[in-house]
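Q: Could you build all of it, start to finish, from the sequences and the hints given here?
All residue numbers for the sequence shown refer to the numbering used here, where the first residue is 1 and numbers rise by one.
Since the hints were made in silico from the structure, they are not lab data. Worth double-checking, as some hints may not be accurate.
Derived pair list, reagent style DSBU-like, types lysine-lysine, alpha-carbon separation capped at 30 Å [what the hints assert, rightly or not]:
no.: 1; residue 1: Lys85; residue 2: Lys195
no.: 2; residue 1: Lys406; residue 2: Lys230
no.: 3; residue 1: Lys406; residue 2: Lys261
no.: 4; residue 1: Lys246; residue 2: Lys58
no.: 5; residue 1: Lys246; residue 2: Lys214
Taking CB as the label site, the calculated pair distances span [as the list claims (entries may be wrong)]:
no.: 6; residue 1: Glu407; residue 2: Ser109; range: 37 to 43 Å
no.: 7; residue 1: Met349; residue 2: Asp372; range: 19 to 25 Å
no.: 8; residue 1: Pro428; residue 2: Gln192; range: 20 to 26 Å
no.: 9; residue 1: Leu427; residue 2: Ser126; range: 43 to 49 Å
For glycine and all other residues, C-beta sits at the position ideal for the given N, C-alpha and C.
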Amino acid sequence: MQETGEKIPENKDSDGLPALARDPAVLYKIKLDLDKRIAGEDKNKLTVLVEANTVFSKDPQGAVITGASSAGKSHLLNQTLGYFKKLGLVKDYTRITGASPDRLQGNFSGKILVVQEIGGIEAAQSKIRVWISEGGLHLLTTEREEKTGKIKTAEMHTTGIPVFFTTTTSVQPDQELLNRLMILSMDESEAQTDKVLDFIVEDVSTPNPLTERKPDEEIVAFFAESFGSKQVADRVLIPYAADLKKIFAHKKVEARRDFRKLCRLIWSVAFIHQHQRMIVAQKEKMPAAEKTAIGRFIVALPVDFYMAWAIADQTMRQTLLGLQDRAIRALRCFQPSKAMTARDIAAAMDVGQDLARGLLKVLESRGFVLCDESTKPYQYSLVRGEEKDETSRISNVLDDLSEFGKEKLDSWLNDNGLVCVLDIPDLPLDPSEAFVDPITGQVWSILNGENTHEKYPLLTRKTVSSENRAETSRSDDNRLGQRPLLWLLDLGEGA
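A: Given below as structure tokens:
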């Protein structure tokens with residue numbers, strides 16, 4: 001605590017934490033800084049950010065960024081990870097050989113491993129998978145002694161799980177690797193291309209080129225000083241996890257993987273907001289837990305689900321289906337009783353036939369379409385589409401979370417033998433009542449569905465574009481659009 005009368009720096013709070021650590025709009029403010037270096041791709045860059053921040057935790061995450069050549073995959077990844085590069089946490093490789101993971105012989109806990117193109121790890125993919133799943137690699141090999149020339153056995157150990165990122169242009173990357181990572185698809189729309197072109201115009205016509213736009217030092221300080229020694233806990237508990245299970249009502253084998261991915265995304269959002277959440281510990285670990293972060297847990301609130309879904313609704317849809325965005329677009333071209341050819345799909349998507357054929361092979365391998373090879377050209381027919389009840393299942397979950405108040409939280413604490421170590425601090429916005437949309441900067445109430453923007457004077461007012469208004473509409477045309485969160489919450493268009 002600051003001594004009485006001691007002046008508190010403007011970018012610090014009374015506990016000496018960076019002001020952003022207690023700012024409910026922290027994700028939105030980081031997005032605004034990333035906007036200076038990345039055109040569009042708001043959801044992808046924030047997903048990369050919250051996944052990267054798990055480098056400070058005991059449960060590191062990661063993602064594969066997919067998209068066509070020149071879509072900006074490496075640029076998005078490198079710019080978003082710029083904060084962590086300044087802290088020396090990123091190990092960046094263009095490619096790695098099949099033997100290299102075994103022979104690294106280092107501890108990768110607290111590190112971010114980046115391989116710029118998944119093709120650069122083809123020979124090492126099986127080892128990367130084991131590394132991510134098992135927490136290390138242990139090799140027993142032979143080597144020749146330098147002095148005697150004799151052969152001897154040697155053990156090599158690569159330990160610790162890194163946060164792992166890579167990119168790919170492939171429409172069908174290694175499925176086993178995707179099972180362990182989030183799938184992000186670059187926006188390849190004409191609207192996004194227009195944003196990129198405007199960005200290039202600004203880059204080459206103003207005295208502030210892209211190469212001179214650096215990560216905000218206040219945000220770098222936030223990551224450096226809010227975690228590590230200032231960390232209040234290193235694990236997250238989700239008390240409403242049983243409600244989230246309803247999203248995966250189909251009970252397919254893939255649900256085991258996808259449910260954990262959704263929980264991990266909520267986990268990541270809560271982790272970055274840990275100085276704004278309740279911190280608990282098991283009763284038998286007290287009073288030791290009052291003095292150290294070891295053995296403490298961050299309690300994820302419903303707002304962490306809302307923010308996670310606002311950031312990654314498209315990503316989760318891809319993850320739930322096991323398909324990239326391009327493959328989902330191809331799937332949506334089908335009608336139940338109409339067969340289509342690669343040429344039909346190419347025309348409907350305005351892409352080349354080679355790409356269309358590749359996407360159809362992916363859909364066939366995943367069991368979404370059936371190929372009739374007795375005809376020339378091959379005819380593809382729909383076997384199953386997107387889960388039609390996805391929207392209703394998510395809506396039911398939102399209804400349940402809106403009722404998750406203090407009484408249910410106290411019951412969950414008691415049932416699990418947990419006690420509060422640090423309560424939610426005094427914040428300009430109560431996270432049990434409202435949250436800041438990390439994409440638009442608007443403040444949404446989770447109690448009455450009203451826009452409460454005026455209640456948060458510290459947040460610079462941001463006018464929602466007509467495009468965003470359309471996305472948050474509750475009309476039938478938009479219910480399955482890119483941002484179902486707001487209409488599911490029965491929110492209006494805002495101020």
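Q: Each hint needs a verdict: does it hold in this structure or not?
A: Hints versus structure:
{"no.": "1", "hint": "Lys85 with Lys195", "verdict": "26 Å, holds"}
{"no.": "2", "hint": "Lys406 with Lys230", "verdict": "27 Å, holds"}
{"no.": "3", "hint": "Lys406 with Lys261", "verdict": "27 Å, holds"}
{"no.": "4", "hint": "Lys246 with Lys58", "verdict": "27 Å, holds"}
{"no.": "5", "hint": "Lys246 with Lys214", "verdict": "43 Å, violated"}
{"no.": "6", "hint": "Glu407 with Ser109: 37 to 43 Å", "verdict": "39 Å, holds"}
{"no.": "7", "hint": "Met349 with Asp372: 19 to 25 Å", "verdict": "21 Å, holds"}
{"no.": "8", "hint": "Pro428 with Gln192: 20 to 26 Å", "verdict": "34 Å, violated"}
{"no.": "9", "hint": "Leu427 with Ser126: 43 to 49 Å", "verdict": "46 Å, holds"}
When the structure is compared with the earlier hints, violations turn up for hints 5, 8 and for no others.
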